[in-house]
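Participant: Read off the chains here:
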Amino acid sequence: MMEEVKDVSAGSVHGDTIKVTEVLQDGDTLTFIIVSQKLSGTGEYHVDRTYDDFEWLQQHLYTQEDVPGIQGVIFPPLPVRPQVNASAKVMKQLGFLALGEWQPYCRALETFLQQVVAHRLLSKNPALELFLTSADPPGRQKIKKNLFNRLSQAMEEMRKEGHKDVDEFFQTVRDQNLQLTGSSRTAAEKFLDVVLTEQKIAVACGHFSAALHLCVEPGQDPDHKAFSRVCVKLSEVFDSMRKSMMSFSLNDLNTLGLGLDLESRHLEAEKEMLFRRTCKLVELESARRNAERAKPVRKAAMEEVKKASETEFEQICEVAKQEPLSARPCGNAAEESDSVV
Amino acid sequence: SFSFSPTFTFSKFQILSRIPQPASLPALDISTNSNGPKQDSLMDDDPEDLFAGATEEVSLDSPERDVLLSDGPSPAITPITPPTSVIAPRIGHIEEEEGGDSFDVHISVSDPEKTSLSVFKQRDFSVKRRFSDFLGLHSKLASKYLHIGYIVPPAPEKSIVGMTKVKVGKEDQSSNEFVEKRRSALERYLMRTVKHPILLKDPDVLQFLENSELPRAVNTQALSSAGILRMVNKAADAVNKMTIKMNESDAWFEEKQQHFENLDVQLRKLHASVESLVCHRKELSVNTAQFAKSAAMLGNSEDHTALSRALSQLAEVEEKIDQLHQDQANADFYLFSELLGDYVRLITAVKGVFDHRIKTWQKWQDSQVLLLKKREAEAKLQFTNKPDKLQQAKDEIKELEGKVQQGERDFEQISKIIRKEVGRFEKERVKDFKTIIVKYLESLVQTQQQLIKYWEAFLPEAKAIS
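Residue numbers (the UniProt record's numbering), protein chains in the order written: chain U, 1 to 341; chain F, 1 to 466.
Among the hints, a few may not be true.
Said to hold, decoys possible - When the alpha-carbon atoms are kept at most 30 Å apart in a straight line, the in silico DSS-like pairs for lysine-lysine are as follows: (1) Lys359(F) - Lys398(F); (2) Lys200(U) - Lys282(F); (3) Lys453(F) - Lys243(U).
Calculated directly from the structure, the hints in this document are not laboratory data.
With the rest of the complex left out, here is chain U (with noise of 0.2 Å):
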C-alpha cells in the first residue's frame, strides 16, 4: 500500500504499537515483518524489512549532524546480524537471540523500533519515517558519514577510556556503568548456560522415554505384562517432563533471557556513549593545552578551535545527562530505561 512519505518530524506512528509480527526465511534471507498503528487511527502499516533495511536506518540515525551533541545520546542498540545455520562464534554472539526460533530477535528488533521512536532526539529523523511507513524497502546504500567514522575510530582508543573525569557525575556514572556492564554481561552468559542445560535435559528425558517404550514385552506371562506397563508408564511420565522442561527453558529464555539481553546490550551501548563524551574530553584538553602554549601566530586559531570542542563537549554533556543513564547519582529518582528488566 502506497502512503504519501511525510516529512513531519513526529512521525504517524504509534511507537508503543510497533510490532515484528513475523520472520519469513527464504534460504539464507530472514525478512522480518513489521505492522503499527496509525496515530490518526485509520489502520495500520505493514512494512518487510531485512537486517541490511535496519542497518540502513541505524546509520542514518548516526549521521545526524544537524542534532547538537548527538554523539551524547545513548543510541538504542541494534542486535548483531542474524545467520540462518549460524556458526559457532555467531551463536556464541547472539546468545539468547538466536534460539527459540528466532522469536526473542524479533522482540529484540521490536524493543530497538520503540525506543527509537520514543527518543526525543532520534524520533525526527526522516528515514525513521520512512523505514516505518513506505511499501517499498528504504535505499539500501551504505552511507559513509564523518561521524560513523569518528565512532569506530573511536573504538579503537581504548587507552582514553580510563581518563579522569573532570565531572563527578560523569565519574560515579562511567564507574557504575562499568560495573554494571561485567555484571550483567556474566549474568545473561551464565543464564544461557543454563537454557541451554534445560534444553539438554528435555533432549536427554525424550531418549530415555523412547528406549522406555522399546522395552514393552510380547507374550501373556503375567510378569511381562506388568514389566511392560510399568515400562510404558513411566515412558509417559519422562515424555511430560520432557516437554515441560522443554517449556521452562522457552519461559526463561523468552522472559529473563531477552531481559538480560537487553540490558546488557542497553549498557553496552551506555559504555560507548559514554566514552564518545570521555574522547571528547580528552581532545578539550588537548585543544586547552594548544591553545595554551600556542605562540601568538597561532594563537587565535587555537583559540577558535578550543572553544568549538568546548561547545562540542558541552553540548554532548548536556544531552548525555538527560539520557536514561543506568546510574543516577546525586539521589535523583533512577528512571529505568525500557530495556531494563
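Position chain F relative to chain U; hints supplied.
Facilitator: Frame of chain U, contents of chain F only:
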C-alpha cells in the same frame, strides 16, 4: 525430600522355611567346612512359589534402625525371619591393602524368638566388614551355587581410581560420592543375597552376618566379581567355540534365553540414557549455582533498590533450586541408574547360569559317548582271552554308567533349578522396578512442589520492582 543418610532401612521380609515337620529345625550344617547344602534337600517338591507368603515393606523415611514391623500371629509353620540389614560406612580407618574401606553392617531382626537359627537371637546387632569381605562372600557363593543353576547376585565392582582417591584422604565431593555409591551398592548386594531363600541358609552367609571378625579374604584380586564374570564369560565362550548346538528339547529354555538376550540389550540402552540424564542434571545444578552468583553480583551493582533487592532474592532462589537439582540428580542416579546397572550385571549372571546348564548337558553327553566307546571296546575284548582286561573294562563301564546317570540327574536338576530361579528372578525384577519407580515419582513430585513453593515466595518481590 529424598535424602540419603548413611543408615537406610531397606526392607523386611518373611519367607517360609522348608521344614518337613512343623516342630523340628531344618537340618542345617553350620560348619564352615561344608561345601554347600546337600543335594537331596534341594529336591523337595515345593509347588508353591517361595514368595507367596512374602510381605515387603519399604520405608521411605529416613533411617531408624528399629523400624521393624512386628509380625502378626505366627502361622503354623515357623517362619525364619531374615534380618533387615542397614549399612553405614565407617571411614576412620583406611586399610593399606586392597580392600579399603570398612563398613558397619547393622542387622535388625524382627522376631528373634521366632527364628530357629542361633545367629538371630539378638534383636539388633552390627558387625564390621571390609569391602574385601563382601567380595570374598560373593566368590564363595558363586563357586558353590552358580554351576548348579542358582542366580547368585553379583558383588559391586572394585574401582581403583575411586579407592585411590579415598586412600589419599581427599576429602572432597567426588570421594564422598564414591563412598556413598559403594555403600549403597553393598547394601543392595547384601539385601539381594539374603532375600534368596537358599543363599540365606548358606553357612558362609550366616557366618558373614554373625561373626564379629572374619578372616581376611585371600587374594580378592582373583575373586572380584569382575573376575568371576570374566570366568563365566570365558566358560560361555568355550562352550560356543565347541560349536555345540545343544539339542534343546525344552522350548522354554530357548525362549527364555532369547528373552534375556533382548532384556540385556534394552537395559543397557536404558542405562546409557539415564547416565546421560544424570550428567545433564548435574551440569544444570552447576550452571544454576553460577548463575545465582552472577545474579547476586548484578544485584549488588544495581542502584535501584527494589531491583537490586529482587536480584538478590532471585540469586537466593536460584541457589535453593540448585540444591533441588542436585537432589533430583541423586534420585535419578541412585534409583534408576544403579538399579539398571545392577540388573545388567544380574542378567550376566543369569546368562552364566544358562551356560552352565549347557556345560552340564555337554558333560552328560560326553560321558555317554565315552560309555559307548567303552562298551564297544568291551565287546571286542570278549573275543580275546584277556580276563583281567575284560574285568577292568567291565569295571570301567560300571563306573561310566554311574557317571552317565549322575550326568542326567545333574542336567535335570540344573534345569529344574533354573526354571525356579528364573521365575523368582522375573517376579523380583517386576517388584524391584515398580518399587523404584514409585520412589522416583514421589521424589519427582516433591521436587516439583518445592520448586513451585520457591517461585511463589519470590513472586511478590518481583512484582515490587516497578
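Participant: For the pair supplied as a hint, lysine 359(F) and lysine 398(F), is the alpha-carbon distance within the 30 Å limit?
Facilitator: Holds - the C-alpha atoms of lysine 398(F) and lysine 359(F) are around 23 Å apart, at most 30 Å.
Participant: Take the C-alpha atoms of lysine 200(U) and lysine 282(F), compute the straight-line distance between them, and say whether it is at most 30 Å.
Facilitator: 12 Å, holds
Participant: For lysine 453(F) and lysine 243(U), compute the direct alpha-carbon distance and say whether it is at most 30 Å.
Facilitator: 21 Å, holds
Figure legend: structure checked against the earlier numbered hints; every hint is met.
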